[in-house]
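Colleague: Listed below, chain by chain, are the residues.
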Amino acid sequence: MNNIITTQNLTKYYGSLLAVDHISMNIEEGEIFGFLGPNGAGKTTTIRMLVGLTTPNEGTATIKGYDIQKDIVKVKSCVGVVPETSNLYNELTVWENLRFMSGMYHVPRNERDHRITSLLKTFGLADRARAKFGGLSKGLKRRATIAAALIHRPDILFLDEPTSGLDVMSARSLRQFLKDLRETGVTVFLTTHYIEEADLLCDRIAIIVKGQIIAMDTPNNLKANVHGTSIIEVVFTSPVKTLNLEELQAYGSIEVKDNTLRIQVTDVLKSLKAVTRFADDHGLKVVYMNTVKPSLEDAFVKLTGVESEVMLMEKERRGGGA
Amino acid sequence: MIRNELEGIWHILLKDLKAYYFKPPNISWGILFPLVLTLAFTLRNPAGLAELSPGLVAMAALFGTTSMEAIVITFEKRVGALERLIIAPVSLATILVGKVLGGAIFGLVIAGVMTLISLLFLNATVTYPIFFIAVLILTVLVHSALGALVAVSVKEVFEAQTLSNYFRFPMVFLCGVFLPVEAMPVPVQVIAHLLPLTYSVDAFRQALMGPLHVTLMLRDLVALTLFLVIFLVLATRLLKKSLE
Numbered sequence: 001m002n003n004i005i006t007t008q009n010l011t012k013y014y015g016s017l018l019a020v021d022h023i024s025m026n027i028e029e030g031e032i033f034g035f036l037g038p039n040g041a042g043k044t045t046t047i048r049m050l051v052g053l054t055t056p057n058e059g060t061a062t063i064k065g066y067d068i069q070k071d072i073v074k075v076k077s078c079v080g081v082v083p084e085t086s087n088l089y090n091e092l093t094v095w096e097n098l099r100f101m102s103g104m105y106h107v108p109r110n111e112r113d114h115r116i117t118s119l120l121k122t123f124g125l126a127d128r129a130r131a132k133f134g135g136l137s138k139g140l141k142r143r144a145t146i147a148a149a150l151i152h153r154p155d156i157l158f159l160d161e162p163t164s165g166l167d168v169m170s171a172r173s174l175r176q177f178l179k180d181l182r183e184t185g186v187t188v189f190l191t192t193h194y195i196e197e198a199d200l201l202c203d204r205i206a207i208i209v210k211g212q213i214i215a216m217d218t219p220n221n222l223k224a225n226v227h228g229t230s231i232i233e234v235v236f237t238s239p240v241k242t243l244n245l246e247e248l249q250a251y252g253s254i255e256v257k258d259n260t261l262r263i264q265v266t267d268v269l270k271s272l273k274a275v276t277r278f279a280d281d282h283g284l285k286v287v288y289m290n291t292v293k294p295s296l297e298d299a300f301v302k303l304t305g306v307e308s309e310v311m312l313m314e315k316e317r318r319g320g321g322a
Numbered sequence: 323m324i325r326n327e328l329e330g331i332w333h334i335l336l337k338d339l340k341a342y343y344f345k346p347p348n349i350s351w352g353i354l355f356p357l358v359l360t361l362a363f364t365l366r367n368p369a370g371l372a373e374l375s376p377g378l379v380a381m382a383a384l385f386g387t388t389s390m391e392a393i394v395i396t397f398e399k400r401v402g403a404l405e406r407l408i409i410a411p412v413s414l415a416t417i418l419v420g421k422v423l424g425g426a427i428f429g430l431v432i433a434g435v436m437t438l439i440s441l442l443f444l445n446a447t448v449t450y451p452i453f454f455i456a457v458l459i460l461t462v463l464v465h466s467a468l469g470a471l472v473a474v475s476v477k478e479v480f481e482a483q484t485l486s487n488y489f490r491f492p493m494v495f496l497c498g499v500f501l502p503v504e505a506m507p508v509p510v511q512v513i514a515h516l517l518p519l520t521y522s523v524d525a526f527r528q529a530l531m532g533p534l535h536v537t538l539m540l541r542d543l544v545a546l547t548l549f550l551v552i553f554l555v556l557a558t559r560l561l562k563k564s565l566e
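Just so you know, the sequences run in chain order D and U. Each residue of the first sequence is one higher than the last, beginning at 1 in this note's numbering. Each residue of the second sequence is one higher than the last, beginning at 323 in this note's numbering.
I should point out that these hints are in silico values taken from the structure, not numbers from a laboratory. All residues carry an ideal CB built from backbone N, CA and C; glycine is no exception. Fair warning: there could be bad hints in the mix.
Simulated DEER-style distance windows between Cβ atoms [said to hold, decoys possible]: (1) U/GLY402 - D/THR266: 42 to 50 Å; (2) U/ILE349 - D/LYS74: 37 to 45 Å; (3) D/LYS70 - U/GLY402: 22 to 30 Å; (4) U/VAL536 - D/LYS74: 43 to 51 Å; (5) U/GLU481 - D/LYS70: 27 to 35 Å.
Use the sequences and the hints to build the structure in full.
Modeller: Shown next as structure tokens:
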């Protein structure tokens, strides 16, 4: 596989704030690459640098061999960009918006109408072609914005939080569409704060925190690299929060929620015995006990120290999306 | 690829005209503004309006271009739609030229209405039509570029309006719209010659009323062209800087 995006020490400051800190990565042609991280981690800034919306302070990057600073117009012609906010023109109809984009991206005249019709059909917008973009629902706006980014058949599609603000069905169909798009050879680079989405969709994931990539691998390898290869999950009949958990802490890191206890362990058998002993000692009844492999969320929490719920709540508080 | 850049300019222009300029409220403002301007001066002093018409045409072009141009760019910056253009495979200069042309065409409509009113009701005549058209086109282009320069240097729509007024109102009083520049104190004359509207008013006066002084007319046309280039280069640099 060829590297279609390469960055070397890519760095961005906003005043004295270091937003992206010497990022180096290679993204292979035809893969779905995910950028996962909490708010303010530098995900969007990285995309903005790669597509020419902001200039790096240090470092270099090439897209399809074109330098993002010296050949930015060539870079722009081979990428499609779906920003976090669906930013087509409210005053124009969906058709007019796509027609405008086809002109801006120099799509051959005799192909324009055909491509627009086909994209509208793909995204279920055929009956809304003459509707003003400003009057569409959030989900339909998102679809139209993605359609607009694909009008020139880009080699790489950048999506910033693509499913943010979408209902479950729309998000699911969009994920399926991105998988189908990969099958046609398009490289997809997306940012997301949905860990499950990254796990389901991405061939490789980079976890970014405070502007630095702290891990980059396939979802399975990221999960396997978590210290402690298994998690024991036990549900008791009564809450365990108030109990002294010191004796269990020797076996691994503990997470308690109401009646549920999760321990990340290295020796499953020894730890299971200890949990059973703990239940007997405290007169607890076990409702359910299971050993599970660490999820991507566990890997993420371990690597970043940020709970996924906190990340989602922060995102919602800031009002993400379409 | 010059062809791609020209295509970009064309599509930005068409989109702006359709999305913003040729909306019913803007068209009605474009007709009402020159009418109200004429009525105000007619009521104040009905005599000598033909002499005032070059200034009125220049003023209509100034307000017609800068008012909308600054709003359109600032609005697109505010809602993120300008980024849609920046990520397209065209240069920043192309984006600005497309934007400036949209504002210039709107200004042309308003200045055209003012010219018609001047010809029909103020006894004005177009003595040198070719020069008049050349000056009119350059005037709307220069002032639209000024509007673009203002818009890229601010963040909010109201800031664009306020900053535009810092240029517009002094220009109306200093550039010979009401009073010939030659009748003003020398320091004011120096300032007036640093402002593009002075050259527009002078050239409109020659083209509408005569007599034509070829050297002065050429000076005006060259000065307006220089202002256009300077404003476009500065606006492009500021837009580039805003991406840093």
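Colleague: If a hint holds in the structure, say so; if it doesn't, say that too.
Modeller: Taking the hints in turn, this is what the structure says about them:
As the Cβ distance of U/GLY402 to D/THR266 is approximately 49 Å, the hint placing it in 42 to 50 Å holds. Taken as a hint, the range 37 to 45 Å holds for the pair U/ILE349 and D/LYS74, whose Cβ atoms sit roughly 40 Å apart. Take D/LYS70 and U/GLY402: their Cβ atoms lie about 26 Å apart, and the range 22 to 30 Å holds. In this structure, U/VAL536 and D/LYS74 meet the distance hint of 43 to 51 Å, their C-beta atoms being roughly 47 Å apart.
Here the CB-CB span from U/GLU481 to D/LYS70 is close to 34 Å, well matched to the stated 27 to 35 Å.
Violation of the numbered hints given earlier is absent; every hint is satisfied by the structure.
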